[in-house]
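Colleague: Given next are the chains, with one letter for each unit.
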Amino acid sequence: MERNDGSSSPVIINDTAKSAGCDHHDPASSTDDIFQGCTSCPCSHPVMCSGNNEEGASGAVSQCVNHAPCIHPSGSGYSLQGPIGHCSEVSEAGDRGARFTQSVIHTTHTDRKNRTSFSSDNVVSCTNTSAVNPCEESRHRGGGATGSTVHLDKNTSTAPTSEACQVDRSPTTTSSDSSSHMTSDLPEVSSDDEAFITEPLPPRSDPGPPVPATHSRNTFECGRRQSAPSQLVQDRGGSESELQSRRPGIVEYFSRYTPRKQRSVSQSVPGWKLFGKVPPRQSPSKQAQIIQQEFEARQVTAHSSPTHHASEQQSRRKVEFEPLSTTALILEDRPPNLPAKSAEETQRHRQQYEQMVAGAKRRELYEIFLSRAKEKWTSLSDTEDGASLAEPSVELITQDISRTFPSLCVFQKGGPYHNLLRNILGAYTCYRPDVGYVQGMSSIAAVLILNMGEAEAFISFSNLINRPCQLAFYRVDHQLMCRYFRTFQVFLEETLPRLFLHFQSLGLSPDLYLMDWILSLYTKPLPLDVACRVWDLYFRDGEEFLFRAALGILRLFQDVLLHMDLISVAQFLSRPPGEELLSDRLFSCILATPLLSGNRKWSQVSHLTNRVITVSKSQREIGSNELFCFPQVLSSCSC
Amino acid sequence: MQNNHHKEHLYKILVIGDLGVGKTSIIKRYVHHNFSPNYRATIGVDFALKVLNWDQETVRLQLWDIAGQERFGNMTRVYYREAMGAFIVFDVTRPASFEAVTKWKEDLDSKLTLANGKHVATVLLANKCDQGRDVLTNNGIKMEQFCQENGFVGWYETSAKENINIDEAANCLVKHIMASENDMLQSEVPDTVTPQLEKDKGGTCSSCFRSQ
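Just so you know, the protein sequences line up as chains A and B, in that order. When you line the first sequence up against full-length UniProt numbering, it's residues 1 to 639, in that order. When you line the second sequence up against full-length UniProt numbering, it's residues 1 to 212, in that order.
Since the hints were made in silico from the structure, they are not lab data. Heads up, a few of these hints could be off.
[What the hints assert, rightly or not] As a list, the in silico BS3-like pairs of lysine-lysine whose alpha-carbon atoms are at most 25 Å apart:
{"id": "1", "chain 1": "B", "residue 1": "K28", "chain 2": "A", "residue 2": "K524"}
{"id": "2", "chain 1": "A", "residue 1": "K524", "chain 2": "B", "residue 2": "K50"}
{"id": "3", "chain 1": "B", "residue 1": "K161", "chain 2": "A", "residue 2": "K524"}
{"id": "4", "chain 1": "A", "residue 1": "K413", "chain 2": "A", "residue 2": "K374"}
[Stated by the list, open to error] Residues on chain A that point at chain B, a partial pick, calculated with CB under 7 Å:
{"id": "5", "residue": "D400"}
{"id": "6", "residue": "R403"}
{"id": "7", "residue": "G440"}
{"id": "8", "residue": "Q571"}
The beta-carbon is built from N, C-alpha and C at its ideal position, and this holds for glycine as well.
Working from the sequences, and respecting the hints, build out all of it.
Modeller: Take a look at the structure:
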């Protein structure tokens, strides 16, 4: 059963492969080449392809490479895995699959609703690809030429892998529904990808340019037959539907298809010549490992398709939540017969890929944690006042949101960004329970919300809090904070010696104002627009700018501060006045305050202060601050 | 920093309590005579200064508004030192914030002691009484008992919004601070001499407490 279903789905795949692959693979006398072509082909959807076409012959290839969008068939491809599971060569198929997963990412971008189905489609394509590879199993395993992309998958998300693994165990059953879907979908797909589709299918004779592809396609098919025989049967679509029911051994498949293969070859001959002139490129040996990774990733995806009817629903749901694995097909080189990508193009593809990955990650990750947060909220609301006891952060967040930029009136309850801010903070506490919600975060998230979309804001927020400086402060890590303060003191003494002495005489340690400034990332002491400017420079220059900005503020108000007592200074610094003048004058002051102590830069001094922490001398100099650094001293004193 | 002349007094007063109970609002009301529902969360510590005329003497109150989030607890404890008095605030509409009062008091007492070994004068404020008055009127006697058991010198139901009892609470605190100060001055001579002779203790403590 399962296999049969799987075979049905594979058919679709073959079509795609054919369509996509035909163009690309033409040259493919060598199986390795074919592989490359195949991998790229399946995705045929050409999101980026169109641009590539300009390049002439290479255009087809580029399309394949870009492939991201194969997805056309909306619901079709759930069952893909079936064939893979059957084949002894499943592993190879898995590799292929990984590459195809890329397309999944695209799909996710395009349409959330369709995501599940898309992913399944991708899977299908993957399996097909794997089938294509068939002949060369040994080569692949050996680290054959093809895919460079696999490792990317891992980067995108760890979660998918694990899930994928789970999936793997459930081999190949495809639901009959899905198979039917697939068959119906196939034609659509092919039509969608005009370029790709053209030649391979006998019923559809594409006279056009892709002709050469047929040849390659044949190779593909052969490969498929070997690796995933069941797929092959179905591949032919309607004409070969009879075969679906049977499950011939690999050998059988070969024999059956051989004639076809031959035929296709003959068809492809003309096109083949067109592209054949391009000298085959050698696939880089370094890709072997990548292939291996691809393979693993692909296995995951392949198996992810629901095996049993009963489990289908569940597994689909999983698929929805897991950041789908990707294969960076787009990063691969073109098949040898086509002109190589230029450095520029490679670069562009890399960027595109990274965007895809980032986009997928963004949505997946954020949605996962947001849904967890919402679960938490609902479960808390069920238990009335249990909220504050069970989950203090919930109450805390609610409290703080109401007082986040109150003057803007957008984050308060009923305001347009109230829920957004709550979502992001809630999702973050689920994402990083070890950090949790800390006061100050709400203003940071609020600034991000003011500047970007919800998911982007979440990602940016998480990354921002993940920076060492922020992490140290939000975790209230005494030692690390103390190190920052010490380092700051060194520069304060260097750049503003009078003020430094004055503060010392007052017993005003930098934590009294720096903690507030850093934790709120200057949104508290400075007007919002000025704070945003500080952010820009912070992102440009790194954490040392946060302290440079602090020195700039102190420099700006030095004359006033020199005549103030402790409380006045502390009060003054928590909200410096003069907002109108502040901006430009502040930044000229910051500019005039390079972070140099002698010849040492911030990082060097920071390194030193870390070492010196135990040296009493520096503690004495810092004066009252030593208490801050060593609270235990305080407690011992008080007794 | 502190001025012990009879004409002028400078007292450091802590304002602590759970997050969102209205510490900042109370301080703003007390010092600036206004109220806004839109104060921003206190991160770390904020400051305010209040000057009082007290029996022809000047009393300057340094109000240290300490962040309520527990996370900052270890951080902000260093701000306790040299304080002469404290307000511990809770929100009558949130029972959890009252439960935290004992925690805050214990924390305060464990980290801060006057030179004479006594705890600093602490007043308990039941804030937002405009929103939940009945909670307290029904428990007045229990509150008295609670204060005695936990070493508060007094308690007030307050409302920063309606300006209820805030001046009274502050006056109460100042009164007790001055009393304990006098107490210390009288008992100063025997107490201060002894620790100064102990070299080993002096080494670690020199910067914590000003010599008396």
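Colleague: For every hint, state whether the structure bears it out.
Modeller: Tested hints:
1. B/K28 - A/K524: Holds - the C-alpha atoms of A/K524 and B/K28 are around 17 Å apart, at most 25 Å.
2. A/K524 - B/K50: 23 Å, holds
3. B/K161 - A/K524: 23 Å, holds
4. A/K413 - A/K374: Judged against 25 Å, a Cα distance of about 17 Å means the pair holds.
5. D400: With a closest approach of 5 Å, the A/D400 hint holds.
6. R403: 5 Å, holds
7. G440: 5 Å, holds
8. Q571: It holds, given that the least Cβ distance between A/Q571 and chain B is near 4 Å, below 7 Å.
The structure is consistent with each of the numbered hints, conforming to all of them.
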